[in-house]
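J.: Two chains, two frames, some hints: make the complex.
Protein chains in written order, with my numbering: chain A, 1 to 582; chain B, 583 to 745.
Keep in mind that the hints were calculated from the coordinates and are not lab data.
Don't be surprised by glycine CBs; every beta carbon is placed ideally from N, CA and C.
Check each hint, because a few of them may be wrong.
Cut-off 30 Å, straight-line C-alpha distance, at most; resulting in silico cross-link-like pairs (BS3-like, lysine-lysine) [claimed, not checked]:
hint, chain 1, residue 1, chain 2, residue 2
1, A, K199, B, K744
2, A, K199, B, K644
3, B, K654, A, K571
4, B, K722, A, K154
5, B, K744, A, K154
6, B, K648, A, K207
7, A, K188, B, K644
8, B, K678, A, K154
9, B, K644, A, K311
10, B, K678, A, K206
Covered by chain B, according to a simulated footprint, are these stretches of chain A (three or more residues, beta-carbon under 8 Å) [to be verified]:
hint, stretch
11, 192-200
12, 418-432
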Amino acid sequence: MELKLPPLAETGETLTGAEIAIRCLSEEGVEFVFGYPGGAVLFIYDALFKQKKVKHILVRHEQGALHAADGYARATGRPGVALVTSGPGVTNAVTGIATAYMDSIPMVVITGQVPTRAIGEDAFQECDTVGITRPCVKHNFLVKDVNELAVTIKKAFHIATTGRPGPVLVDIPKDVSQQTARFHYPDKVHLRSYSPVVKGHGGQIKKAMQLLLDAKRPMIYVGGGAVLGEASQEVTELVRLLDFPCTNTLMGLGSIPASDKRFVGMLGMHGTVEANMAMQNCDVLLAVGARFDDRVIGNPAHFAAGNPSRKIVHIDVDPSSISKRVRVDVPIVGHVKDVLTELIALIKAGKEKPDAAALAAWWAQIATWRAKDCLKYDRASPIIKPQFVIEKLWEVTKGDAYVTSDVGQHQMWAAQFYRFEKPRRWINSGGLGTMGVGLPYAMGVKLAFPEADVACVTGEASIQMCIQELSTCKQYHLPVKLVNLNNRYMGMVRQWQEFFHGNRYAESYMDALPDFVKLAEAYGHVGMKVEKPGDVEGALREAFALKDRLVFLDIITDQTENVFPMVPGGKGMSEMILAEDL
Amino acid sequence: MRHILSILVENEAGALSRVAGLFSARGYNIESLTVAPTEDATMSRMTIVTTGSEEIVEQITKQLNKLVDVVKVVDLSEGRHIERELMLVKVRAAGKDREEMKRTADIFRGRIIDVTDKSYTIELTGTTDKLDAFLEALDKGAILETVRTGVSGIGRGEWVLKA
Numbered sequence: 001m002e003l004k005l006p007p008l009a010e011t012g013e014t015l016t017g018a019e020i021a022i023r024c025l026s027e028e029g030v031e032f033v034f035g036y037p038g039g040a041v042l043f044i045y046d047a048l049f050k051q052k053k054v055k056h057i058l059v060r061h062e063q064g065a066l067h068a069a070d071g072y073a074r075a076t077g078r079p080g081v082a083l084v085t086s087g088p089g090v091t092n093a094v095t096g097i098a099t100a101y102m103d104s105i106p107m108v109v110i111t112g113q114v115p116t117r118a119i120g121e122d123a124f125q126e127c128d129t130v131g132i133t134r135p136c137v138k139h140n141f142l143v144k145d146v147n148e149l150a151v152t153i154k155k156a157f158h159i160a161t162t163g164r165p166g167p168v169l170v171d172i173p174k175d176v177s178q179q180t181a182r183f184h185y186p187d188k189v190h191l192r193s194y195s196p197v198v199k200g201h202g203g204q205i206k207k208a209m210q211l212l213l214d215a216k217r218p219m220i221y222v223g224g225g226a227v228l229g230e231a232s233q234e235v236t237e238l239v240r241l242l243d244f245p246c247t248n249t250l251m252g253l254g255s256i257p258a259s260d261k262r263f264v265g266m267l268g269m270h271g272t273v274e275a276n277m278a279m280q281n282c283d284v285l286l287a288v289g290a291r292f293d294d295r296v297i298g299n300p301a302h303f304a305a306g307n308p309s310r311k312i313v314h315i316d317v318d319p320s321s322i323s324k325r326v327r328v329d330v331p332i333v334g335h336v337k338d339v340l341t342e343l344i345a346l347i348k349a350g351k352e353k354p355d356a357a358a359l360a361a362w363w364a365q366i367a368t369w370r371a372k373d374c375l376k377y378d379r380a381s382p383i384i385k386p387q388f389v390i391e392k393l394w395e396v397t398k399g400d401a402y403v404t405s406d407v408g409q410h411q412m413w414a415a416q417f418y419r420f421e422k423p424r425r426w427i428n429s430g431g432l433g434t435m436g437v438g439l440p441y442a443m444g445v446k447l448a449f450p451e452a453d454v455a456c457v458t459g460e461a462s463i464q465m466c467i468q469e470l471s472t473c474k475q476y477h478l479p480v481k482l483v484n485l486n487n488r489y490m491g492m493v494r495q496w497q498e499f500f501h502g503n504r505y506a507e508s509y510m511d512a513l514p515d516f517v518k519l520a521e522a523y524g525h526v527g528m529k530v531e532k533p534g535d536v537e538g539a540l541r542e543a544f545a546l547k548d549r550l551v552f553l554d555i556i557t558d559q560t561e562n563v564f565p566m567v568p569g570g571k572g573m574s575e576m577i578l579a580e581d582l
Numbered sequence: 583m584r585h586i587l588s589i590l591v592e593n594e595a596g597a598l599s600r601v602a603g604l605f606s607a608r609g610y611n612i613e614s615l616t617v618a619p620t621e622d623a624t625m626s627r628m629t630i631v632t633t634g635s636e637e638i639v640e641q642i643t644k645q646l647n648k649l650v651d652v653v654k655v656v657d658l659s660e661g662r663h664i665e666r667e668l669m670l671v672k673v674r675a676a677g678k679d680r681e682e683m684k685r686t687a688d689i690f691r692g693r694i695i696d697v698t699d700k701s702y703t704i705e706l707t708g709t710t711d712k713l714d715a716f717l718e719a720l721d722k723g724a725i726l727e728t729v730r731t732g733v734s735g736i737g738r739g740e741w742v743l744k745a
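Extracted from the complex, chain B is given alone in its bound form (with noise of 0.2 Å):
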């Protein structure tokens, strides 16, 4: 089953090796990982994105909780959520692909962000399934390069994660 964990972290040195640290010592899967420090600069949040039984993503939060720099750990899976990843990708687009090219990206809401004679840079924020399913209309030719965030979330409604 896939979890996203929503962890704050102290803002310290070494708080991010702790965490990844703890996964690749007990053998857990990381499928992203995104961090940046929150409103309060003390602390940062993270969110991870991991697969596992049940048991395994109970020990994982657990294993988090323990950490001396971790503050809060939540499983947003277990309730509802929005999950968001952005994507950069860099695509050929010359010729008669082009116009075709500006098109699929409006379908699935891109936005242009950089453009030459030859390429597109495409901006799209969306789930992950999102994402994958843009890369899936294209051209496997026409893409040149793809740049991917990782998953960050959040939970629904006027629940919030707090120190």
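Okay, chain A solo, but in the shape it has when bound (with noise of 0.2 Å):
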């Protein structure tokens, strides 16, 4: 009988397919595991316990596991790494695998499966992960053969790095990770049907020089892509080079310093007067690494029907995101970064310069939009307001800080209220706006950048979805600051029911809170209620003062404020409600 030989064997000491895994986690640099154990990946965590350069970090629900792990990528741009076990472990993870997908976070989810035999018997905590879990990752896979492991997890990291990131999930049946192979990593793979376009195409570049030099009202549109591309650098060059105004999107705030007077604040359904008239009205409008979507230019036929001889340049390294709700004239596919640094480049090189007559003019524009002050609200209010609270919270960490939020009002108010100088410092769910990321977000920061200061700016509904983490933040001493805007409601729904459900508040109050103070005590960490203005500031200044303790910041802010501007869902970008308008 012919010996049939494993792929890979040639070389290499024999491990089993758990202590494979771990050592794939190790050669590419993993510092950290965020994960939960369970029967399915019993092996894993026995190979784990015997050794020491790869970090396990215990949450204490596997939802609080992904979002962690995501924290960490959103921060760092290196990949967030999970482990869960089979069935409900895998199920518990879901709603973080799905956030990181929406957001284009480089992830690699590694989970337990019952063993290969078993598989298809409805065996004890068995459920089909690759099924599952198949529209909401880049890629995942199956590993049946241990032969097969160490390539699979090094596939696994180059897709989730590589070309538009995102999170690739390998599943581990338990009688794989106990077998033993060979162990080669491998240094490189090539995926014949895997090759993302890099380098942006010249003649597309030039053409795009062009529109913006021959442009009369120019605007410059940077999403999340910027920050993923590490492209700030580039993107704050070119806004400067030529002088256009710039808006970020809620994933792309701080790709340029909000302090540059050419940034005209964040666009969308809770963007700024200038940021989203400027879009409506400009006549050349570049896009970097952004995706044109409903929560930002609202309704699309709106937004194309109102300026139809705007002209729009679209880089973004995933050519489905370019023409996908708004038509472009101009596609170039291929990394930000590059791309914009070949177009300054180029732009440099030329003898042509802006039209500064007509962008004199267009800046006159702009400056009649910013003066209607459409974040003003009302300081001097008795009861502390949310919005100066984070003006608060941004003096006090001189602008410096992460700044993690939930979902809701209290993002809005953060995005908008503190102003980001650099990438990566705002850590939030923007595609899929999951609340309970922030805190283990928080915690993901706060283990890459120990000597940070680290805000979780939350709410009293978000922080209780996963609220269970403050226990791992006791464990693995993370002093995180939690910044809770409590105004006793679900306040982004409730919200909506004022303007669009006639004041019928449908089960957007919560009739029986915790007291947050003895909550966070109970965990083993400070509390401290905050109920008037005049206190908001010592308090913060107290808790990031206590360096190595976790603080609970209960603020007890006012019920009825509303984010605004607000762009109804569904209409033009142009169609904003103003806190005035009411």
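T.: What follows is the structure in structure tokens.
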């Protein structure tokens, strides 16, 4: 009988599948694995136990593991890694995977599976992991042969981190983690079916340059792709070189310093008047790593019909993002950083300059929109205004903290009022809009940057969705600061009910909130309650001075405050409701 | 507009689910889908007939290309191409209708591949239109059972779809 040799058996030591999995992570330079053990991953946990290189962070719920790994990835740019068991471990992880997928975050998720012989038999803690996760991963694998494990994990990291990034899942049946194979970790993998375009088309970049130089009312619109693609320096350089106005999406905040006078604020459903009006009225729009989604441009028909002569240049690494909701005139597929570098070089090499007179008139027009001061709020209010808390947070942290948030009004206020100077400082769930991400995001960030100030801006509804992770923070000494804007309502739901459902506040009020101060203390942390505007700054200073303690600031804010401006769903982006309209 | 997409995919478990899942998740139409391994056993070739505006079909093509298991996507309807579908029809063929049924099958270049004293099973190959026309030519009451493969397509001339 002929012996069939396994594919990569020539060299390397003999290891179990579990050991191979952990060795692969260590070869990839993975610092932290966020996870939760269970039956199907026991061999993998045993392998983790026997080594020191890869540190495991034990969360209290698998959703927390995924979010923490995701937060780590958002802050560092390196892939986040999570490890969960089969069945409920996987289903609990799905929200976290989908959250990362929607925002194109590089992650590798390792899941245990029941033994190969039991797959399909409705075994204990079995679920169709690759089936359940297929629509919310960039790719996934079920490894049935231990000899394929190392190369599969290599592929997973390669796919997760190249092109448009995203989560990749590797499902490992228990028997595969127990079997042995020669370990060899490949330096590179080649997949004939996967080769993302990286270099932008030279001719298209020239066309883009000409359009930009000929523009009378230009606008630069920058999304999360610029943050993920490490292109903020190039974005800033281009904006300054041309002296064009620039807006950021929720995901793009920090890709140009908020203090730059050319920055007109965030755009979209809760964008500034100046950003939204400039988007709607510009004659040449340069979109960088953005996707014209419904929360950004609102109704695409209104966007197009309101200004049919507008020319659009769109740079994105993912061709499917181009001309998806809005027809684009000059598509450029490639890495935003490289494309922008080429574009800047072309502009510098040429003699042409933008039309100074037209640009001055455009800036004068923008100034009239700015003069609306659309983010103004009642600073003299005797009740704490949430916007005021974010402004104080900015002051106290000198605008240099990592700020994570949950989802809702507090998220929008944090985005509007914490003026981000750097990319990767603003960590939130934009696409999926997942309540509960804030605290685990803060954990991932704090582990990556132990010396940095990390604030989680949250609300009393969101925080309760993953509050069990306060226990994880205690175990690993993660002194993050929770800024709980407590208005006793699911604020954004309440706001929509006020505007669009006749003030019928169906199920958006929480009647029995916990005492958050005592709750924080029960978990071994510091809790503080703040009820007066005059106490906000002092409490924040005290909290951040407690360098080695997690502080839960329960800040009692105005129940009726709304987020303005607001573009109602389905409306055009120039159809904003302002605070003064009501 | 009707489009015929030819897709080369890795012959991996789950590749079909990824493609079919993409269509259902994004609300695209599938009129027919056929798939089988190619001469290179590591790859399968799919033919998907879909309908949609130019914008939709452009998105479908881009989204398909994004799938890691997809090696190549071509819209055959953009160029000259040949399409064929295979149909097996079991028809009532008894008494005076038996001769007539044979004649109709002959007209459409169908082949009778199974016979009982009361029925014929006819094999018919052609474009979707031709198969539809054949069914229309038959007396509705005579059709006992039909099965169709869906469209397979290939480009005309020397151009080939390769990985």
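J.: Against each hint, give a clear statement of whether it holds in the structure.
T.: Each hint, compared with the structure:
1. A:K199 to B:K744: Distance of about 23 Å is within 30 Å: holds.
2. A:K199 to B:K644: Judged against 30 Å, a Cα distance of about 18 Å means the pair holds.
3. B:K654 to A:K571: Judged against 30 Å, a Cα distance of about 38 Å means the pair is violated.
4. B:K722 to A:K154: 58 Å, violated
5. B:K744 to A:K154: Roughly 26 Å between the alpha carbons, so the hint for B:K744 and A:K154 holds.
6. B:K648 to A:K207: 26 Å, holds
7. A:K188 to B:K644: Holds, at about 26 Å.
8. B:K678 to A:K154: Answer violated: B:K678 to A:K154 is near 69 Å, above 30 Å.
9. B:K644 to A:K311: 22 Å, holds
10. B:K678 to A:K206: Answer violated: B:K678 to A:K206 is near 75 Å, above 30 Å.
11. 192-200: holds (count 3)
12. 418-432: violated (count 0)
When each numbered hint is compared with the structure, violations occur for hints 3, 4, 8, 10, 12.
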